[in-house]
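*Asks:* Take the two lone chains, each set in its own frame, and fit them into one complex as the hints suggest.
Those sequence lines, one after another, are chains A and B.
Its first residue numbered 1, the first sequence is counted upward by one per residue in the numbering used here.
Its first residue numbered 1, the second sequence is counted upward by one per residue in the numbering used here.
Computed list of chain B residues with no C-beta within reach of chain A, every gap over 10 Å: (1) 11; (2) 25; (3) 41; (4) 57; (5) 63; (6) 76; (7) 140; (8) 148; (9) 174; (10) 192; (11) 198; (12) 211; (13) 227; (14) 231.
Simulated restraints, written as ranges between beta carbons of each label pair: (15) B:58 <-> A:208: 47 to 53 Å; (16) B:223 <-> A:44: 40 to 46 Å; (17) B:66 <-> A:52: 56 to 62 Å; (18) A:159 <-> B:59: 55 to 61 Å; (19) A:129 <-> B:120: 19 to 25 Å; (20) B:80 <-> A:137: 21 to 27 Å; (21) A:115 <-> B:58: 16 to 22 Å; (22) B:58 <-> A:64: 41 to 47 Å; (23) B:204 <-> A:208: 51 to 57 Å; (24) A:56 <-> B:59: 45 to 51 Å; (25) A:21 <-> B:116: 29 to 35 Å.
If you're looking for bench data, these hints aren't it; they were derived computationally from the structure.
On a predicted model such as this, the values are computed, not experimentally measured, just so you know.
Glycine included, C-beta positions come from ideal geometry on N, C-alpha and C.
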Amino acid sequence: MDSSAIALTLRLACVTTVCLLLIATPLAGWIASGHGLARRIVQAAVALPLVLPPTVLGFYLLVGLGPLTSFGRALIRIIGHPLAFTFTGLVIGSILFSLPFAVQPLVAGFSGIDLELVETARVLGASPWTVFWRVVAPLSRAAFLASVVLAFTHTVGEFGVVLMLGGDIPGVTRTLSIAIYDQVQEANYAAANRAALWLVALSFLALLALYARSSTRREGSLV
Amino acid sequence: MSDPHQHPHHRLGVRCRIGSLQIEVDLELSAPWTLLFGPSGSGKSSLLRAACGLSDCEGVTFARHLHEDNWLTLQDDSDHMPAHLRDLRWAPQHASLFPHLTVRENIEFGTRCAHSSTAQNQARIADAMRLFRLDNLVSRRPRDLSGGERQRVNLARAFAAPGCKLMLLDEPFNGIDHALRDELLPEMRAWLRDHNIPALSVTHDVEEALQLQADVVLLRDGKVEAQGPASEVLQKDRVRLMSSLSQLR
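Okay, chain B solo, but in the shape it has when bound (with noise of 0.2 Å):
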């Protein structure tokens, strides 16, 4: 299980049906980096987008907690605050950037949206464009860029826009090589701890859950079947892991 010691950031209970899905979840994110891990279609990116307020589900509780008892209530039966006042960043699976802004522009976006300073949003997203390697396509379009260069800026969009209170990731390394990964992760806790920011992410990459040391949640079939520190839930998956790479040498 999570830390016990951590006192919870927010608290997030899904239950409904999409399509043929049963979703019956109900997390607690403590950890610093909380990871989504299970195949396709298990409920992942459902979860982060009842989280955003974007699901038509009716049974979603969502609450932040502020200081020792009391919480914010971010959805439950009665409220729904919408999406853009929940504090929350999001980068989606699809990189869905604006093809009628640059990739500065894009980036851009949620400090336009937000009321600090103009110093400070310089200093934002020219660190969220050092951060993912974007400094040589600041003036291209969406449609000039690769895949992997897609997804940086939507990475990059997400951890510029200010007064984030929980960062979510759906799949953030979707088409970004294993070299470049490596060396994002790293970074990417790292610059998160020092904002102070929760993360919630998604993946069905082993090796990216090891490497995060991450809080993982393991999803099966719209509900919880495991959670705890990565080395421990997903402890079948690493000896299969690391058998097939021993094979490989």
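Excised from the complex, chain A in its bound form (with noise of 0.2 Å):
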């Protein structure tokens, strides 16, 4: 059993779904709180990595984050070392490629609110702080736990940008998903089938979680 496997996806899944809670929350209310060109494009470009093979964003940072481009040659001198291969330009990557499944369930939460509740909490004097924390996130709750799962999982479960990116180096990028991967390439089958059964575990722990909440809500989508 690769322990250290187990304790670095957990750790990276955490990591990458708290910082994505906070940059899609802002970004989500962004989009979902207007029309025009601006947001539709973003919108689009948040929603790549759901089409885009990993391979092709872990490309593209491993190069942009490296010295090969003047912004990579920047944070290099910045940070002192290239992000590529460690922790942190795993988390950046992994925030990157499950944007989209943190984004998409807060937009349609949001969406969803009568906007007329929001502008009433304004003219009773709530500021646009106290708006969100006592009227839109109570009412998007169902988008939230929504979000949390889908990014958690989908990070559990990432592959590619995590070899492009971070390699394989075990106990920094090595997470579940490339353990596996290594361990049929070694053909170690009942090894990968441990690993295996902890993804599917987690996976499906963190989805029974957000439909046993649906049910009880009689609520028949995942936001």
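*Replies:* This is the structure:
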């Protein structure tokens, strides 16, 4: 059992999910709060990882964060080392790759809130911050749950970006999905099966939490 | 016209197109209670939304009289004070109650946004619940309320929120039966007078307008057709109402 891969996967998924919540919430709020070309362009860009092969995103991140680009060189000068093949690099890749899974449910959730509730709250004296915490957030609980579960499970199951950007360094960038690949390459099917079962269990439990809540609220869809 | 001896407390100008309706209105609000009267689609609710700062219209000017010749600009071509800083309270037409909060929590909403003391807030909440006969509904959720009950919570929420400088009521008796409306009207007017809060409300109900004895602004197709005491401005409607009542008898 590759416990360091399990620990690393959980750590990566937790850090990525927290970062994604912080990024996706204002981004989804902005996308849901109006129309216009700028919002549609951002929405399409956010959704790109849904259709792109993960290796494409991994490749661009590897090149973009490395010494081949001026941005990458500036970054290396600032932090003292390249981000590729590090845990931080992996987090950045995961955030970008799982961004649509965190943003889309929130956009759907925020768009479903009756605008007049927000307007009424504002005229009653609520600041934008208060409106978010006392009206928008409680009415978007299902969307937040869907966002967290999808971001977490998607990060847990990530392979292409991790391999391209992180390589396969045990304890640093070797996640469960990479470990399974290695074990299969070594024809160690029993170990691969154990690691795969961990992934199945983790993902199933997370999705069960989501659907169990949906059924108690008599909601059929994810969000 | 409105009483020339009263100084206007607010000035509202709206020039904009909403759908097919071209609104061109300049209002001086000086009466304790001003009533926007007119048929559906004449732009009444749009004026309230413009005053709240919720409208996309460019041509909105809104100012509050402070003292002597000093006015506070809430909105003009260069300024747009955010809705939550305008010290307005609004009971929207569709009683949009917060569905995740109980009746009491809905009514408390505005007090929690304010900086007034807890004791003052509690007194205000109790006062509003008594005024709108909501004492038996405190722990209910909006989904368990009838249309009239929802509307009374909507009104109580606006009345309970402290710091109000102008009360905006959009068809406040929507869904409330006439007997209760006749009870509530004088009590609401007295409450607003006691708290020194002017009101701007919207209706298309002649009876309500006549009972309130408010300053009436008659709107038609986005323009002011007449402004003055209800008995004068709504003279024709009054005669029509009286004759239909006598026919009923």
